[in-house]
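Let the hints inform the model, and build the full structure from the sequences given.
Below are the chains, spelled out letter by letter.
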Amino acid sequence: MAQIRLKNVSKRWNNFVGVDNFNLDIADQEFLVLLGPSGCGKTTTMRMIAGLEEITEGEIWIGDRLVNKLEPKDRDISMVFQSYGLYPNMTVYENIRFPLKVRKVPQEQHHERVMAASKMVELDDFLQRRPAALSGGQRQRVALARAIVREPNAFLMDEPLSNLDAKLRVSTRAQIKNLHHTLKRTTIYVTHDQIEAMTLADRVVVMSKGLVQQVGTPMEIYDRPANTFVASFIGSPAMNLIKGSIEGGVFTSEGIRIEGLTLAAKGPVTLGFRAEDASLAQASGQIEAPIYTVELLGDATMLSMRVAGELVSIKVNKDYRAEIGELARVAIPASACHLFDHSTGARIA
Amino acid sequence: MSDAVAQKRPLALNAIIYGFIVLWVILAAVPFFWTVWGSFKVEADFFSRESWWNAIFGTSTTRQTGNAFTGAGYYGAWVLRDFWRAAGNTIIVTVCVTVISLTLGTLGGYALARSGRNYAFWILIAALVFRAMPHITLVSGYLLPFFQLNIWGVLPTSIIVLVAINQPFTLWMLHSFFLSIPKDLDESAMVDGCTRFQAFRLVIMPVMWPGVVTTGLFSFLLGYNDFAVTAMLLSAENQTMVPKISSFLGSIQETGNVMYAVAAVVSATVPLFILVLFFQRQIVSGLTAGAVKG
Chain P
1 MAQIRLKNVS
11 KRWNNFVGVD
21 NFNLDIADQE
31 FLVLLGPSGC
41 GKTTTMRMIA
51 GLEEITEGEI
61 WIGDRLVNKL
71 EPKDRDISMV
81 FQSYGLYPNM
91 TVYENIRFPL
101 KVRKVPQEQH
111 HERVMAASKM
121 VELDDFLQRR
131 PAALSGGQRQ
141 RVALARAIVR
151 EPNAFLMDEP
161 LSNLDAKLRV
171 STRAQIKNLH
181 HTLKRTTIYV
191 THDQIEAMTL
201 ADRVVVMSKG
211 LVQQVGTPME
221 IYDRPANTFV
231 ASFIGSPAMN
241 LIKGSIEGGV
251 FTSEGIRIEG
261 LTLAAKGPVT
271 LGFRAEDASL
281 AQASGQIEAP
291 IYTVELLGDA
301 TMLSMRVAGE
311 LVSIKVNKDY
321 RAEIGELARV
331 AIPASACHLF
341 DHSTGARIA
Chain U
1 MSDAVAQKRP
11 LALNAIIYGF
21 IVLWVILAAV
31 PFFWTVWGSF
41 KVEADFFSRE
51 SWWNAIFGTS
61 TTRQTGNAFT
71 GAGYYGAWVL
81 RDFWRAAGNT
91 IIVTVCVTVI
101 SLTLGTLGGY
111 ALARSGRNYA
121 FWILIAALVF
131 RAMPHITLVS
141 GYLLPFFQLN
151 IWGVLPTSII
161 VLVAINQPFT
171 LWMLHSFFLS
181 IPKDLDESAM
191 VDGCTRFQAF
201 RLVIMPVMWP
211 GVVTTGLFSF
221 LLGYNDFAVT
231 AMLLSAENQT
241 MVPKISSFLG
251 SIQETGNVMY
261 AVAAVVSATV
271 PLFILVLFFQ
281 RQIVSGLTAG
291 AVKG
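Which chain is which? The protein sequence lines are P and U, in order.
For the first sequence, UniProt numbering begins at 1 and goes up steadily by one.
For the second sequence, UniProt numbering begins at 1 and goes up steadily by one.
Hint data in this document are derived by calculation from the structure and do not stem from the laboratory.
Nothing here was measured: the structure is a model prediction, and the numbers come from that model.
A virtual CB, placed ideally from N, CA and C, is assigned to each residue, including glycine.
None of the hints are false.
Here are the simulated lysine to any residue pairs, SDA-like style, with alpha carbons at most 25 Å apart:
hint : chain 1 : residue 1 : chain 2 : residue 2
1    : P       : Lys-69    : U       : Arg-114
2    : P       : Lys-69    : U       : Lys-183
3    : U       : Lys-183   : P       : Ser-162
4    : P       : Lys-104   : U       : Asp-184
5    : U       : Lys-183   : P       : Asn-89
Not the full set, but computed from the structure, chain P residues with beta-carbon under 10 Å of chain U:
hint : residue
6    : Trp-13
7    : Glu-71
8    : Met-79
9    : Ser-83
10   : Ala-143
Written out as structure tokens, the structure is:
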């Protein structure tokens, strides 16, 4: 049983604020992803939970223990590092066994538990090698095995996939998801990759500049971004954001007019919509503009055009072909539009 | 491949290149071999005024001892003049200096490498300043207090002074080795269940050996070759090898004393050869930076 609770947690270095007033309850067995661009404080938050970074202010609870003053080893967590952090002088077997050894787990259990952990990450064939003789993906699996061998209350993973190539990333991602399902431990996972966040998380915490921007399930964050930062960070391509004004439920800006929006908003706003929610219109569309580029993605074709000074992406059928400079008409259903405050970026509707 | 490269070069350039290598080998190695060869002659040969061929053929040696080679210099130095005692003192001094320097250096270097504080930098700068000072500056300052405390002339005193002189260097050297070991290694050890010290001992030290061996060798050489400190701070009966050799040279009233010095020099050099050959692999890997990869 390990809920993790962060209460008003802050981290400052002199005047620099790393993490500002972080509040979160992480449920037992939850898979939580901390997502944000580099320097947003996500890794610092995780390191504070691990005990590798001192907490300037606030409280961190793991289970029913206040862990602020506890050493990393006493927090009953295990961690997977971005650079793996394997011990180069030990074999894979000894690497995986190391946590059991230093924690004085009875000798007779060691072999069985090392074998079980290595089997789980399919490392059985490499146990006698040293880390230097392994590929990146194999090293990462050793790091995973070393983390799970002890069966701690919680796993912390700091960008574990970012040093792997694209293909390996997909398969290791699946493996991590499966491990979480099998082991049922609270997992906190740090990444800057929104696809990892979407695929792995029960809940995602989007962070920027030390502040939590939004907490929610992947679909909540995708479908109802709390502000323009989240909107532009989640999704590939990012949500199209157009500055303009709204009056009587009609949004207008240079080259775009959308009717049937909320009547509550008035004045200057930022309108957002996702590339896949727009479609090509036959007669008249909400946007009429010349095509800027056509990108063939294989499963779809991406059009972009300039609207109100912004480059707007539209995802269309994979068979669609057009020349650059041709006029395109784009239909955007009002239901797919998001409205954000033009200055704070916070969601209006 | 190197043959192919050599063939492409003009003959004259090749001649210059090999000529330079030969010259360098002669400059570096011949004085030593000359000394080794000469140490088995008598003074009249090795310092012959007639012809330097005497030193090679041992004309006077044959005349005086009946054989072209003589161990008289070694016998005189080791047995008559107690060079064995100096050798023993050198072993004590160098081993102590190396062990103490490395112990303090690894602990301190690790702490400085992992500390995020500003003063860690200033400690290293201070260490650099003390490293740059000539050794003799420290010694002259120590002399009077050592006399008054009545600790002048004994081995522990010079061991402490040599450690003090050597420590800044070991600290710097080991500090940079520790920096080359990723912090993730300590951190994963600590998450895995180690205390800070266990992480240092079980995880960091095992990958530090090239650094420790290299630094240890330099510490060893400092203690072994030191003249300034040991000559000033040790009484005649506690002298280490280097000041002892110097004292052989200094008292030339008796014939053969210079040959004692020559024999002693050779005796003092041989262990260094063995040491470097024995540790060469670690030294090379240590000098080519702490190549520690995960």
